[in-house]
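There are 2 protein chains.
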Amino acid sequence: MKPDGRALTLYGLAPVEVESPIPSPDPQPVVARPQMRWHPVRGEWVMYAAHRQNRTFLPPPEYNPLAPTHDEAHPTELPRGRYDMAVFDNRFPSLIPDAPEPDPVPGVPVRPGVGKCEVVVFSQDPTGTLGGLPVEEVRLLLDVWADRTTELGRDPRLQYVLPFENRGVEVGVTLHHPHGQIYAYDHLPPVQTRALGQMRAWREEHGRPWLTDFIRTEREAGLRVIRDGGAALSVVPPFARFTYETWVLPTRPAAFLSDLEDAERDAFAAVLKDALMRLDALFGVRMPYLLTVQQAPTDGQSYPEWPLRIEISPYLRAPGRLKYLAGTEQGAGEFANDALPEQKAAELREVALAVL
Amino acid sequence: MKPDGRALTLYGLAPVEVESPIPSPDPQPVVARPQMRWHPVRGEWVMYAAHRQNRTFLPPPEYNPLAPTHDEAHPTELPRGRYDMAVFDNRFPSLIPDAPEPDPVPGVPVRPGVGKCEVVVFSQDPTGTLGGLPVEEVRLLLDVWADRTTELGRDPRLQYVLPFENRGVEVGVTLHHPHGQIYAYDHLPPVQTRALGQMRAWREEHGRPWLTDFIRTEREAGLRVIRDGGAALSVVPPFARFTYETWVLPTRPAAFLSDLEDAERDAFAAVLKDALMRLDALFGVRMPYLLTVQQAPTDGQSYPEWPLRIEISPYLRAPGRLKYLAGTEQGAGEFANDALPEQKAAELREVALAVL
Chain V
0 MKPDGRALTL YGLAPVEVES PIPSPDPQPV VARPQMRWHP VRGEWVMYAA
50 HRQNRTFLPP PEYNPLAPTH DEAHPTELPR GRYDMAVFDN RFPSLIPDAP
100 EPDPVPGVPV RPGVGKCEVV VFSQDPTGTL GGLPVEEVRL LLDVWADRTT
150 ELGRDPRLQY VLPFENRGVE VGVTLHHPHG QIYAYDHLPP VQTRALGQMR
200 AWREEHGRPW LTDFIRTERE AGLRVIRDGG AALSVVPPFA RFTYETWVLP
250 TRPAAFLSDL EDAERDAFAA VLKDALMRLD ALFGVRMPYL LTVQQAPTDG
300 QSYPEWPLRI EISPYLRAPG RLKYLAGTEQ GAGEFANDAL PEQKAAELRE
350 VALAVL
Chain Y
0 MKPDGRALTL YGLAPVEVES PIPSPDPQPV VARPQMRWHP VRGEWVMYAA
50 HRQNRTFLPP PEYNPLAPTH DEAHPTELPR GRYDMAVFDN RFPSLIPDAP
100 EPDPVPGVPV RPGVGKCEVV VFSQDPTGTL GGLPVEEVRL LLDVWADRTT
150 ELGRDPRLQY VLPFENRGVE VGVTLHHPHG QIYAYDHLPP VQTRALGQMR
200 AWREEHGRPW LTDFIRTERE AGLRVIRDGG AALSVVPPFA RFTYETWVLP
250 TRPAAFLSDL EDAERDAFAA VLKDALMRLD ALFGVRMPYL LTVQQAPTDG
300 QSYPEWPLRI EISPYLRAPG RLKYLAGTEQ GAGEFANDAL PEQKAAELRE
350 VALAVL
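Read top to bottom, the protein sequences are chains V and Y. Residue numbers for the first sequence follow numbering that gives the first Met the number 0, beginning at 0 and rising by one. Residue numbers for the second sequence follow numbering that gives the first Met the number 0, beginning at 0 and rising by one.
In case anyone wonders, no lab produced these hints; they're calculated from the structure. Any given hint could be a false lead.
Said to hold, decoys possible - What follows is a set of in silico ranges between Cβ atoms, one per label pair, in the way DEER data are often shown:
1) V:L352 <-> Y:T216: 56 to 66 Å
2) V:P318 <-> Y:S19: 52 to 62 Å
3) Y:P96 <-> V:Y62: 50 to 60 Å
4) Y:D102 <-> V:T149: 40 to 50 Å
5) Y:G42 <-> V:Q300: 14 to 24 Å
To be verified - Here are some chain Y residues the structure puts well away from chain V; computed CB gaps all over 10 Å:
6) M0
7) E61
8) R79
9) E135
10) E203
11) R240
12) E333
13) R348
Claimed, not checked - Where chain Y lies over chain V, by a calculated footprint (3+ residues, C-beta under 8 Å):
14) 67-73
15) 190-198
On a predicted model such as this, the values are computed, not experimentally measured, just so you know. Just so you know, even glycine gets a beta-carbon here, dropped at the ideal spot from N, CA and C.
Given these sequences and hints, build the entire structure.
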C-alpha cells in the first residue's frame, strides 16, 4: 500500500524482493469524483474526471515517476528492489471503485464513475520497449495481465477489464518508460458489446466460434499471416482498419489469457514479441501504436464465442505519415484504409529481424 | 466538367462568372478501385482505396491546388472568376459511384466501394477560416451543404451524406486553404445507425423528438448554452466527449439543412460563426477541430425523430494540450473527458469577441 492509500503489486520471474519503502510521488491522496453521463444520441456512457491536483512539489527535469525511487526527496511510484513488473492504482483515475453519487443533470442520466484504473510498468529499464523485452518477460506480462484480469474481475462491480498500451509521442504519450494501463468498467463498453453480439450471431449461424473459422481460413490463404507459432498466430486481418494493423490470436478459441495453458502462453508471447519487433523494424523508428488486450466480460458467465486477441493499431501508414482519425472515422464511425491488408502483411513478413 | 472527367460546381452570393478554362492539376484520370470489407467483430464496413498515383508534374513549393489557377503551367482545381465557393469530385476518392466488383476474400464479405467523395472550398482566400467568413458566406455554405445533400441524395445508390471539415496540422491537415469534404455512403454508417435507433426509441417513449426536450431542458438550465440565437442555439452538450465540444442546433426539429426556412438558416449561420470564433479566440490560436453536419439518411423516407445539428469536436483540451483518442476511446469506444461541460460552456461564453 502506498502512503496515499493506493495499491501496488510487484511481479518477477525470480522471487520479488523490496529494498526501500513503498513510495508515492505525493503522500496526499488525490480527490477524485468521477462520474458518467449518458450520451443520448450515440447511446453510450461518457466518463468525466476532473481532479483536484494538489501536488506539493515540482519534479526535477529528469524525474521519471515509473523508475525505482533513488532520491528519497523525489519519490517515484516504485521502490528499489528485485522485480520485473509493477502494477499500481492510477493516481489520476477516470474511474474509481467507490465513486460518490454525482449531482443530477436535467434530462441526462448521470451516475458515479465506478471502475478502476491501473498502471502497469513493464520493466525497471526506462529505455526499453515491450517488444524489446526478453521473451520470458513478455510471457511474464501475459501472466500479469491474466492475473490483473482475474483479480479485478473478482470484484462483482467490475464487468470488463481492458489492458492496453499507448505508445509514442505521436499519440500524446510523454512518459517513455515502458508501461501500459488497465481500465476496468462496471459495464460492458460499446466496442465489446457490439463484438459480443456479432460473435454470438456467428456462433449461432455457423455452430462454432468465429475464431475457429478465422484461423483456418487465414492459414489456408496464407497471404495475411505474419507468423504462425503453432498455438498462436499473428495476422493483418483482411478487414484491417489501420494500414499495418496486427492481431495476435491463439489458434484455438479462448476467452481470457488465463484460459491459455503454459505452452500456449509461451507461443503467444513469442508471436507477440515478433509482431512488435517487426513494427519497430519496418521503418526503423519506434512505431507509435495502441495495443489492446481483448478478453471476454468478467461477469462470471461463460463466453465460448469470444475471440481472445491482442489488437495492435500502428499509427504510421508510411514513414513519417500518421493516420489521423478524421471525418469519416469519427463522424460516421467508418474507417478508410489506404492499402490492402494482403500487401501490408507481405511487407511485415519481409522485415529482416536481426534478433529473432 | 474537369479535363479528367470530374465534376465541378461553383457557388456565389452574386451570379457566378468563370474567367478561365476549368482546370485539373493533372489531365489524366486517377484510376480508383475502392472496395469495402466487412469487419466481423466490430460489425462494420471498412473502406479500402489504393490509388495509382500517376502525377505527371511536380508542384512548385507554393502550389495551392485549392486557389484559382493563375499559372496555366501549374493548373489547380479551380478556375479564375467570380464565385465564393466551389465543390468538386475528390481526385483521390475513398468511394466512387461506379466502383468495380473486387476480388473475393475467403471468409470475409467484400463489395465495391460505392459512394462519392467531394471537396468543398469555402473561399477564394487561402488565408481565411470558416468562422472568419462574413456571416452571409457562412449562410451560403449552409446552402451549399444543403444543395449537395439534396443533389447527392437524389442518386438512389447514396443513402447517407456527411459534410465535414477537418482543421489543423494537429489532425494531419497540411492544406490550410479553408475547405471541407463530403462523403456520401451507399449505406447508413455505424454512428448514424446507432443514433437513429436511439432517437427512434426516444420518440416512441416520450411521444416527441429528442431535440424538442433537449432544447427546452438546456434553455431552462442555461448553464451550458453558449449562444441562443432564437431559431438556432449553440451549447456544450451535458454529455460532451471533447472538452470544448460545441453543438449548433435548430430550436425546432429538423432532419436536413434544407428543412430550415430562410430566416432559420440566417440564425443558424450566425450561431455557427459565433461558435467557431469563440473556439479560435479561446486560446488565441486556430483551434484544431472536426466539424460534422449530422443530417438524416437520404433514402427518401421521412425522419421526424432525427436531430439535425452541427457537431464541432475541438482537439485542444487546454492551451497546447491535445486530446488523443487512446486506449479507452479506441479499445472500448468509451470517452474520457477531463472536465465538466458546465465549466467549459462558461469559458466559451466569457470569450471576448471583438467582431460580433
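List of violated hint numbers, smallest to largest
Checked against the structure, the hints that fail are numbers 2, 11, 12 and 14, while the rest are satisfied.
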